[in-house]
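Novice: Listed below are the residues making up each chain.
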Amino acid sequence: MLGFLQQPVMVTAEVNLNMVALTAVGLLSRLWQLAYPRAVVFDEVYYGQYISFYMKRIFFLDGSGPPFGHMLLALGGYLGGFDGNFLWNRIGAEYSSNVPVWSLRLLPALSGALSVPMAYEIVWELGFSHCAATGAALLLLIENALITQSRLMLLESVLIFFNLLAVLSYLKFCNSQKHRPFSPRWWFWLVLTGVACSCAVGIKYVGVFTYLLVLGVAAVHAWHVIGDQTLSNVRVLCHLLARAAALVVLPVLVYLLFFYIHLLLLCRSGPHDQIMSSAFQASLEGGLARVTQGQPLEVAFGSQVTLKNVFGQPVPCWLHSHQSTYPMIYENGRGSSHQQQVTCYPFKDVNNWWIVKDPGRHQLVVNNPPRPVRHGDVVQLVHGMTTRLLNTHDVAAPLSPHAQEVSCYIDYNISMPPQNLWRLDIVNRESDTDVWKTILSEVRFVHVNTSAILKLSGVPLPDWGFRQLEVVGEKLFRGYHESTVWNVEEHRYGRSQEQKERELELHSPTQVDIGRNLSFMARFSELQWRMLTVRSDDSEHKYSSTPLDWVMLDTNIAYWLHPRTSAQIHLLGNVVIWASASLATLVYALLFIWYLLRRRRRVCDLPEDRWLRWVLAGALCAGGWAVNYLPFFLMEKTLFLYHYLPALTFQILLLPVVLEHISDHLCRSQLQRSLFTALVVAWFTSACHVSNMLRPLTYGDRSLSPSELKALRWKDSWDILIRKY
Amino acid sequence: MLCATSRLLAAREASALPAHPRGRAPAPRSRRRELHFPGHPELPPGDFLVGRFTKPSVPTGRRVILRKGRMPPAAGGGLAGSELRPRRGRCGSQAARAAGRDVATEAATARSPKRPALPSSRRFEAAGRWALLALVTLTSFASRFHRLDQPPHICWDETHFGKMGSYYINRTFFFDVHPPLGKMLIGLAGYLSGYDGTFLFQKPGDNYEHHSYMGMRGFCAFLGSMLIPLAYLTVLELSRSLSAALLTAALLTFDTGCLTLSQYILLDPILMFFIMAAMLSMVKYNSCANRPFSAPWWFWLSLTGVNLAGALGVKFVGLFIILQVGWNTLSDLWHLFGDLSLSMVTLGKHLTARILCLIVLPLALYIATYAVHFMVLNKSGPGDGFFSSAFQARLSGNNLHNASIPEHLAYGSVITVKNLRMAIGYLHSHRHFYPEGVGARQQQVTTYLHKDYNNLWIIKKHNSNSDPLDPSLPVEFVRHGDIIRLEHKETSRNLHSHYHEAPLTRKHYQVTGYGINGSGDSNDFWRIEVINRKFGNRIKVLRSRIRLIHLITGCVLGSSGKVLPKWGWEQMEVTCTPYLKETLSSIWNVEDHINPKLPNISLEVLQPSFPEIMLESHMVMIRGNNGLKPKDNEFTSKPWHWPINFQGLRFSGANDTDFRVYLLGNPVVWWLNLLSIALYVLSASVFAVAVQRGAHLPVEVEGLSQVLLRGGGQLLFGWMMHYFPFFLMGRVLYFHHYFPAMLFSSMLTGLLWDTLLRLCAWSLASYPLAKCVHVLGILSLLLGTAYSFYLFHPLAYGMVGPLAQDPRSPMAGLRWLESWDF
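So the sequence lines, in the order shown, correspond to chains A and B. Okay, so the first sequence: first residue is 1 according to this note's numbering, each after it adds one. Okay, so the second sequence: first residue is 1 according to this note's numbering, each after it adds one.
Check the hints yourself; a few may be wrong.
Said to hold, decoys possible - In silico DSSO-like cross-links for lysine-lysine, where the CA-CA straight-line distance does not exceed 30 Å:
no.: 1; chain 1: A; residue 1: K542; chain 2: B; residue 2: K507
no.: 2; chain 1: B; residue 1: K629; chain 2: B; residue 2: K566
no.: 3; chain 1: A; residue 1: K637; chain 2: B; residue 2: K562
no.: 4; chain 1: A; residue 1: K710; chain 2: B; residue 2: K489
no.: 5; chain 1: A; residue 1: K637; chain 2: B; residue 2: K638
no.: 6; chain 1: B; residue 1: K581; chain 2: B; residue 2: K629
no.: 7; chain 1: B; residue 1: K489; chain 2: B; residue 2: K461
no.: 8; chain 1: A; residue 1: K715; chain 2: B; residue 2: K638
no.: 9; chain 1: A; residue 1: K475; chain 2: B; residue 2: K451
no.: 10; chain 1: A; residue 1: K204; chain 2: B; residue 2: K581
no.: 11; chain 1: A; residue 1: K542; chain 2: A; residue 2: K348
no.: 12; chain 1: B; residue 1: K581; chain 2: B; residue 2: K638
no.: 13; chain 1: B; residue 1: K638; chain 2: B; residue 2: K489
no.: 14; chain 1: B; residue 1: K562; chain 2: B; residue 2: K540
no.: 15; chain 1: B; residue 1: K489; chain 2: A; residue 2: K637
no.: 16; chain 1: A; residue 1: K637; chain 2: A; residue 2: K204
no.: 17; chain 1: B; residue 1: K597; chain 2: A; residue 2: K637
no.: 18; chain 1: A; residue 1: K204; chain 2: B; residue 2: K562
no.: 19; chain 1: A; residue 1: K475; chain 2: B; residue 2: K638
no.: 20; chain 1: B; residue 1: K562; chain 2: A; residue 2: K542
no.: 21; chain 1: B; residue 1: K461; chain 2: B; residue 2: K540
no.: 22; chain 1: A; residue 1: K204; chain 2: B; residue 2: K203
no.: 23; chain 1: A; residue 1: K710; chain 2: B; residue 2: K566
no.: 24; chain 1: B; residue 1: K461; chain 2: B; residue 2: K534
no.: 25; chain 1: B; residue 1: K534; chain 2: A; residue 2: K542
no.: 26; chain 1: B; residue 1: K451; chain 2: B; residue 2: K638
no.: 27; chain 1: B; residue 1: K489; chain 2: A; residue 2: K475
What the hints contain is simulated information worked out from the structure, not anything from laboratory work.
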């Protein structure tokens with residue numbers, strides 16, 4: 001007893017001072033004067049809006065990426081006690097005192113800082129020396145573009161952090177696979193790989209490329225596990241299942257979790273509601289929910305409804321009509337029926353109300369009990385304010401001559417009979433006896449006489465149509481398209497017999513209360529789909545660039561200019577590092593092909609383990625560069641220099657790998673090796689020097705004179721702002 | 001062919017990232033040796049089926065040993081098969097291939113296994129093979145030529161391609177987004193069959209009347225019919241199994257979609273013909289791999305090249321088969337490269353042969369088609385406007401043809417300036433002001449597509465107003481980098497820009513006409529720059545691509561391509577863009593050039609060289625293709641619709657009274673194809689994993705799995721190559737784009753079901769019914785597709801009467817998907 005007293009209490013700790021030092025300088029470089037400039041810098045103007053929405057819990061839709069990144073930024077705002085009250089409208093606007101700039105910028109800066117020691121770890125885990133690992137970390141540390149990007153409220157540095165984390169944890173997992181599979185450590189890194197991948201995808205869609213790369217490498221490794229005949233079949237199956245669960249299922253779940261939290265947080269209606277379906281809007285607090293709560297669910301004969309087009313392109317709009325008629329003769333000489341116009345109108349208006357009428361009866365009120373309208377029923381639609389019937393006929397539509405004109409029928413006694421019967425086709429019904437439900441049912445109106453379908457063509461009418469959108473009867477195509485589908489948004493049972501009374505009734509708001517909730521999966525899939533399909537106006541931008549400009553840094557982006565002095569922040573990389581990293585990639589590719597060909601002829605220049613290490617480093621670093629860079633050639637959106645940063649990070653990791661390889665394997669004599677080392681040192685010094693020279697443009701802390709600025713303009717294509725006095 | 005995947009395996013072994021390298025390095029190598037069994041020469045490669053059929057009661061486990069021990073006498077056929085083409089040299093896979101072939105021969109004779117092997121039976125067999133091929137070809141021709149003349153009016157895209165055929169006959173220049181070969185062939189077919197090019201091909205539904213259209217349709221139908229024998233031979237070569245080939249042929253013959261697409265004047269049958277011919281020659285050439293540099297080897301290799309050129313020359317999607325052949329060639333070379341018995345010189349020869357036949361030859365042929373194209377089309381026509389001014393000078397009938405103008409731009413010249421972007425037109429101004437509220441109230445500057453006096457501008461020095469046409473002064477040429485002023489000839493106002501937003505594109509600056517009689521202010525000064533030229537060079541008419549940079553604001557003159565409202569006469573907006581990127585909309589060239597002081601030269605001198613024409617026409621085609629964007633609110637076909645046969649295309653007619661033809665795949669065939677792809681992926685991965693786990697498959701299963709993995713792998717790869725790229729395309733897509741992929745998927749189906757049935761029959765070998773399984777399976781598949789064709793044939797051959805939703809229609813009950821509208 002008391003044996004433990006006989007032994008001293010020992011704590012043995014190994015501290016890699018390299019790592020500590022790197023973390024420290026990383027933090028220093030990224031956090032130094034973080035709250036400067038106290039003004040909106042470049043894309044902060046976008047991300048800031050979303051942060052404000054989160055703070056106010058207002059729903060928004062951003063097509064540029066999944067919500068995790070925005071949520072992380074908003075977390076910074078939450079921790080700093082931001083109330084969301086700031087108008088993000090102009091780059092360069094001063095922040096008001098309620099904006100916690102430091103804490104808003106903290107998370108990206110921390111991610112940027114931690115990328116530095118992670119680079120060290122990755123190169124070390126790839127099996128290269130501490131020297132190479134330190135080199136990689138130092139290069140990331142002094143890369144000006146990465147510093148700039150991580151010191152602001154932007155997402156690239158966070159994306160890079162998770163990309164690196166995914167690669168690092170996969171490497172750790174791989175290395176523990178050799179020693180102790182299924183140990184806690186093994187599980188930890190495997191799960192972390194999956195989580196990091198899905199975080200990367202959750203920040204920007206381009207994260208998916210790194211995810212695919214990791215999946216690809218994991219698949220190759222798994223294939224080797226299958227081929228390992230020392231393992232039993234059950235063991236192999238366990239290996240495969242563990243990988244599938246951690247690298248496929250888990251990321252999907254985590255990704256869904258982001259959306260779950262996102263939708264949980266954003267529960268109030270806001271300016272982007274209109275893009276979503278009525279059902280989605282009704283699930284948000286305020287907005288449409290306030291209008292539609294308590295509407296009767298089932299549309300009956302005599303119901304007053306507004307009909308919203310489900311497609312909502314180019315803008316969400318409602319079926320509309322008004323007193324004006326189609327012009328007798330269009331500009332191009334074609335004629336029209338001269339009947340009342342039917343359009344689609346993007347604003348709420350009393351002229352959007354229609355009454356569902358039973359063709360066999362004259363009443364425009366709902367019976368007691370209400371007689372619901374079902375799939376396949378033939379109805380007439382009466383325009384509420386003009387009591388004319390929705391009609392289509394064999395007259396060419398004003399702007400889409402292949403389709404039929406849709407009008408509200410006026411009888412001119414010119415042998416043009418009314419053709420105003422429409423068969424109701426509920427698209428998302430479950431059975432043929434389904435009832436037409438408000439908000440939930442998506443319906444098509446099939447014209448009984450001509451089997452044309454009521455469709456929003458989306459073309460704005462000329463001035464005679466008040467620039468509202470054209471609605472046509474599409475007769476050629478019977479396939480499914482959202483522009484032919486409509487849903488009831490506002491609904492009430494009509495009670496008034498007289499037209500005057502009815503007009504009053506139409507003007508009055510609907511009320512009564514029933515809650516209506518969509519399931520999470522339905523909301524998720526709708527939101528995700530809209531985010532992917534929402535069209536950002538691909539306007540040209542002064543600083544947009546093409547992927548070819550990125551490799552040798554032929555372009556830059558001016559982020560911010562001090563309102564008075566010429567202190568300015570640019571996204572501008574360290575040219576030496578960019579150029580040498582691109583060169584290293586080229587050297588790697590050439591050496592790799594050379595070795596590969598020679599191995600094929602049974603000439604092994606490298607020992608087997610060195611070769612495997614070399615291949616793995618290439619697959620992750622050069623591969624990481626390629627998957628993060630090449631897809632941009634296929635993208636049609638506006639591209640900026642910062643899109644290249646994830647690829648650049650991987651390329652920088654490759655640089656020390658190639659240098660160490662050259663020094664170890666290609667320098668034959670000691671002399672050559674010393675020479676090469678001297679060269680590398682000289683090169684690194686010049687990189688540091690360049691970094692230091694560009695520092696004023698990175699931090700924006702010092703105002704340079706015009707001549708100094710001109711001296712910094714090393715390439716003609718760089719756009720450095722010089723004030724004219 | 002069988003070599004390919006083993007090469008892939010080898011490649012993977014070399015380049016992969018194994019976690020445990022040392023432990024398992026030798027494993028795949030020994031495995032490969034097993035595959036090719038050079039170590040077991042006594043093993044009769046093909047007799048296992050016979051062995052099994054004659055001794056069905058042998059338990060599975062012992063079968064292999066038994067066969068090694070003693071050879072059943074009835075194995076003669078199999079042995080003879082391997083004697084027929086003895087295994088040679090190093091290509092071990094030849095043995096496996098022979099094994100595969102014998103599976104086929106045996107299957108053909110398996111119905112009477114007891115019959116002793118006679119030498120004459122081989123002759124019968126060969127005759128039988130030829131007869132079968134003839135039968136397949138005949139059926140396919142019969143099905144394609146049946147009712148070819150119906151309907152006697154223009155169907156669907158015939159209106160384009162028939163018209164383009166006529167253009168060749170009339171030698172008028174036109175523009176199309178596809179390369180010329182297909183349309184040239186159509187034109188040739190029309191010419192040879194006596195069509196005179198006078199039919200207008202205005203719109204679908206127009207009657208052909210007395211014009212001879214059968215030649216063109218017949219040509220397409222001929223190539224369309226050839227698809228089936230080509231597919232048959234390809235599958236036969238890949239699987240060595242007659243039944244697989246037969247099944248493939250039946251699937252394609254009885255597919256209403258392929259049939260419809262082959263019966264009209266379209267590019268698709270021509271394209272598919274070249275794709276399939278390239279595939280077949282590649283497969284044949286792979287089979288000759290053991291006899292490099294022999295005559296058949298050269299023949300098939302160069303034929304592959306010819307067909308590749310053909311495929312690319314018809315449509316740009318021919319690129320996919322080029323990629324497939326390229327991949328195959330690379331893996332082939334990789335395999336050869338790893339063969340240490342070959343010297344570097346031999347390898348060099350191999351490489352050179354492939355470069356010659358697969359790169360140089362196709363390229364030469366491709367360029368030759370363009371040479372013919374430009375030679376034939378020498379008259380001005382509807383396509384002129386798409387091309388640059390210099391190009392138009394080639395065409396007789398165009399106003400630039402045989403014109404003569406001064407070559408270099410000089411001060412005082414009267415010029416017209418044309419935008420390089422398609423369909424933008426000439427820089428234009430007229431005596432109308434921008435309306436109130438639209439920038440400064442100055443004279444409008446627009447672009448205008450037609451030739452007009454208001455397009456004329458005088459080029460002047462920025463600082464002197466002296467008349468440069470004064471004969472006493474020397475001629476002064478405009479040089480790159482000069483500061484100039486452009487004066488509108490009719491209104492004497494200068495081209496001007498300033499910091500006001502442009503009428504439509506808010507981020508750009510407004511461009512106006514300003515000043516009186518040529519005197520304005522410093523906002524009228526523009527720097528003229530030539531793209532890719534040195535400072536100080538003269539500027540050439542027509543050929544120099546110039547930019548006009550506004551001196552004060554630094555913006556670039558361009559056209560946004562947006563149409564102005566009525567006040568601008570619906571001409572196009574001209575702006576000055578502050579973004580200095582070189583886009584076509586901000587690049588111009590000088591077209592007309594009048595200067596009495598300069599000697600005129602004939603435009604012949606300025607004519608672009610052939611490489612320039614090639615480059616330009618490709619740029620225009622690519623831009624045209626990219627311009628085919630789907631509009632909002634329009635029904636567009638999505639790639640995922642295609643394999644499930646979601647929706648067809650109306651070729652002719654829409655109402656009950658019309659003669660209707662509807663392009664839709666035979667659903668039975670298509671859904672079987674879809675199922676087969678899933679099944680293939682499943683079974684192939686089972687085999688691949690089994691091999692990777694080091695399982696020892698019985699020899700016959702091994703042979704079948706090789707057919708499945710290698711032959712099937714090629715076909716699956718072909719399907720993917722011809723399908724997945726469409727997901728990345730931004731242009732508008734149609735259902736018929738899927739048909740090349742569908743050919744590959746049908747071949748895969750044939751090969752897969754044959755192999756699976758054989759496997760099934762093999763595993764049931766102990767039961768008495770086992771031998772029928774294969775035969776019955778194949779027969780039922782054949783009959784099933786034939787019956788479905790009987791049901792759906794009106795889709796292709798034409799229907800009249802009520803639509804399918806009407807119960808009185810002959811097609812009633814066949815509308816299995818609501819999205820089909822026939």
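Novice: Need the status of pair A:K204, B:K581: alpha-carbon distance at most 30 Å?
Specialist: holds (27 Å)
Novice: Regarding the pair A:K637 and B:K562, is the alpha-carbon distance no greater than 30 Å?
Specialist: holds (20 Å)
Novice: Under the criterion that the straight-line Cα-Cα distance not exceed 30 Å, is the pair A:K204, B:K203 satisfied?
Specialist: Roughly 48 Å separates the two Cα atoms, so the pair is violated.
Novice: Given the hint that B:K581 pairs with B:K638, test it: the Cα-Cα distance must not exceed 30 Å.
Specialist: violated (34 Å)
Novice: Next pair to validate is A:K715 with B:K638; report whether the Cα-Cα distance is within 30 Å.
Specialist: Not satisfied, since the Cα-Cα distance of roughly 45 Å exceeds 30 Å.
Novice: For the pair supplied as a hint, B:K581 and B:K629, is the alpha-carbon distance within the 30 Å limit?
Specialist: holds (23 Å)
Novice: Take a quick look at whether B:K461 and B:K534 sit within 30 Å of each other, Cα to Cα.
Specialist: Within the cut-off at roughly 20 Å; holds.
Novice: Are the Cα atoms of A:K542 and A:K348 separated by 30 Å or less?
Specialist: With a Cα-Cα distance of about 37 Å, the restraint between A:K542 and A:K348 is violated, given a limit of 30 Å.
Novice: Mind checking the alpha carbons of B:K451 and B:K638 for me, to see if they're no more than 30 Å apart?
Specialist: Not satisfied, since the Cα-Cα distance of roughly 41 Å exceeds 30 Å.
Novice: Given the hint that B:K597 pairs with A:K637, test it: the Cα-Cα distance must not exceed 30 Å.
Specialist: violated (50 Å)
Novice: Do the alpha carbons of A:K637 and A:K204 lie within 30 Å of each other, as the hint requires?
Specialist: holds (14 Å)
Novice: Holds or violated: A:K475 and B:K451, Cα atoms, limit 30 Å.
Specialist: Violated, because 40 Å separates the two Cα atoms, which is more than 30 Å.
The structure fails to meet hints 4, 8, 9, 11, 12, 13, 15, 17, 18, 22, 23, 26 and 27 from the earlier list, while all remaining hints are met.
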